[in-house]
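Chemist: Residue-level listing of the chains:
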Amino acid sequence: MNALAPHLPVLAVVVALATAPLTFLLRERGLAWAATFAASACSLAIAVRLAAHVREHGAISYALGGWPAPYGIELVVDPFSALLLVIVAGASTLALAVSRQGLGREVPAERQHLLYTAWLLALAGLSGIVVAGDAFNIFVFLEISSLATYILVAGGPRRQALPAVFKYLVVGTVGATFYLIGVGLIYMMTGTLNLADMEVRLRDVSDLRPVLAAAGFITVGLALKAAVFPLHTWLPNAYTYAPNAVTVFIAACATKVSLYALLRFDFTVFQGNLPGHIAQFAGFVVPLGILAVLVASVVATMEKNVKRLLAWSSVAQVGYILIGAGLASATGLTAAIVHMFNHALAKGALFVAVACLAMRVGDVTLAGLAGAGRRQPLTMAAFVVGALSLIGLPGTAGFVGKWYLVAAALELGPWGVLLVLPVLLGSVLAVVYTWRVIEAAYFRPAPADALPRGEAPAGMLAVLWLAALSNLWFGMQPAVPLDLAAGAAAVLLEVR
Amino acid sequence: MQILGYYNYWVFAVLLMIGLYAVMSRPNLIKKLLGMAIFQAAVFLLYITMDKVEGGTAPILRAGVADEIYSNPVPQVLILTAIVVGIATLALGLAIVVRIHEEYGTIEEDEIRRQDRE
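Those protein sequences? They're chains X and D, same order as listed.
For the working numbering, add 8 to where a residue sits in the first sequence, where the first one is 1.
For the working numbering, add 11 to where a residue sits in the second sequence, where the first one is 1.
One or more of the hints may lead you astray.
[Said to hold, decoys possible] Output of the computed footprint for chain D on chain X, the stretches with three or more beta carbons under 8 Å from beta carbons of chain D: (1) 157 to 165; (2) 170 to 178; (3) 278 to 284; (4) 306 to 312.
[Claimed, not checked] Cβ-Cβ distance ranges computed for the label pairs, FRET-style: (5) X/66 - D/110: 34 to 42 Å; (6) D/70 - X/484: 54 to 62 Å; (7) D/95 - X/69: 40 to 48 Å; (8) X/415 - D/41: 50 to 58 Å; (9) D/91 - X/487: 21 to 29 Å; (10) X/116 - D/66: 40 to 48 Å; (11) D/66 - X/67: 42 to 50 Å; (12) D/81 - X/487: 29 to 37 Å.
Calculated directly from the structure, the hints in this document are not laboratory data.
Values in this document were obtained by computation on a predicted structure and should not be read as measured data.
We put the CB at the ideal spot given by N, CA and C, even for glycine.
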């Protein structure tokens, strides 16, 4: 085991990547699931080990194949990437635990091994983006994860999944191509693709106009992938029509990984090299973040389909992360990054609850949920815990990020109050839209032909409660994610 | 002269806009994908243009020639990868269009939206 320890950064990607063809060959549904789950759990163990190591000893730089950077490909694991790695592998493992029983209703048994192959590729791609220290590798991993995610979403049981995926594919490709143009422009000016090297070499570039164009292309391209309002149009339908287990996975981590790449570029590469870049960045993302919080939350209060309601809420949560990042202070970035983790916990739990509800009612609409509080009391109770965390009630994980966000806004002085308002308003709206689900489940009379009382399979319930309780645990004991987030903020703000 | 000297970059910008316009304005899904392919091809041109060195050849070491001028091979390798990614995306997009045609009997966006509303 100790011989493998120095190679953990690359193993975080390779384990999933190498298992993907295996699941394709296994064919049998149960075996394919077992292999996928084993690979994902292994990735999670690696991610946790890396996070512990980074927290204690600082960032790790890994030269792939022994070729030193900037000529070779460098993998970097610092607090930011370690935290994201835990989110990605954790979300995947949680969602896979649900999928064993949950997927059967939505995807025919003979096609499930194909879905698991795509799943592993998505996991490898997302992990790859997070550990890559090189702009072009980020592009390649971005496309690996995107192509695999399109396949996962297209596996949805309803035909509406297909136009949703088509839109996602076109928008996603335009975003990735924008990113590629930006990377090309920077390569023209610096002759390097390594992010750390790029930062250093950009200092000697006298004509900054191509770099400014590159910053625009990269920021907008990644914002498309991260569903930054108003570039979020692909997200609600893709989340709604994907199989439930897939929604758990992608809703918990896909947009966050793109946000990760966005922050890496804007803070590491451009911050010190483009005069006034961070002010421009803040001027771009903070208004969009506020709009996202307000508009998406209002839309969520009007949705009838629970999955779509939660998808709109995800658009709003991206808004909180952007507001925190736009403040560009240590507290603001800590808030943004810790909210990535906490939102993944809350949304993960909520979508697992949806998957459990769907085991009984099929399509999870507000009308279909009438009486669900009595029919599936354990599931609905866990949903309430997830909803409280999403709202940001003290004692739940969601509170930590919002508390830091408000603190960061107030650091700005009296004007900061203007930023606190949308944050609080967004939380109030979150109360409204989650209440609609709770009201339907507990207070609406069940129809006469209602299903008898009965829960989802015990395995799924166990996963659901694990997710719900972790929301409470990280609400009471937020030290570890906060430490990593504060470390990540320090890495991003540092100008060498 | 300045404008003509940047001929390739002008073509890049024009192709990019043609592709993006087609993606946004055409309701036909196949035409959208064609627009997307043009959009990506424009970026291939950008990368291939930037590596060109006047009078440069392929970067191959020859015995006895120490200071050969050669074009930068890195962008060519990069764009080869991007071309592969582009092909994969286009293939997946076309496969989805085939499935959409099977399910909806049409590949016009308006018609699909109308059927979904019903």
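Chemist: Each hint should be assessed against the structure and marked as holding or not.
Modeler: Evaluation of the provided hints:
1. 157 to 165: holds (count 3)
2. 170 to 178: holds (count 6)
3. 278 to 284: violated (count 0)
4. 306 to 312: Three-residue rule not met by the region 306 to 312 of chain X, so violated; n is 0.
5. X/66 - D/110: 34 to 42 Å: Because 49 Å falls outside the window, the suggested range is violated.
6. D/70 - X/484: 54 to 62 Å: 60 Å, holds
7. D/95 - X/69: 40 to 48 Å: Between residue 95 of chain D and residue 69 of chain X, where Cβ atoms are some 28 Å apart, the hint is violated.
8. X/415 - D/41: 50 to 58 Å: Given a distance of about 52 Å, which is inside 50 to 58 Å, the answer is holds.
9. D/91 - X/487: 21 to 29 Å: 47 Å, violated
10. X/116 - D/66: 40 to 48 Å: 60 Å, violated
11. D/66 - X/67: 42 to 50 Å: For residue 67 of chain X against residue 66 of chain D, whose Cβ atoms are near 44 Å apart, the range 42 to 50 Å holds.
12. D/81 - X/487: 29 to 37 Å: 55 Å, violated
The structure fails to meet hints 3, 4, 5, 7, 9, 10, 12 from the earlier list, while all remaining hints are met.
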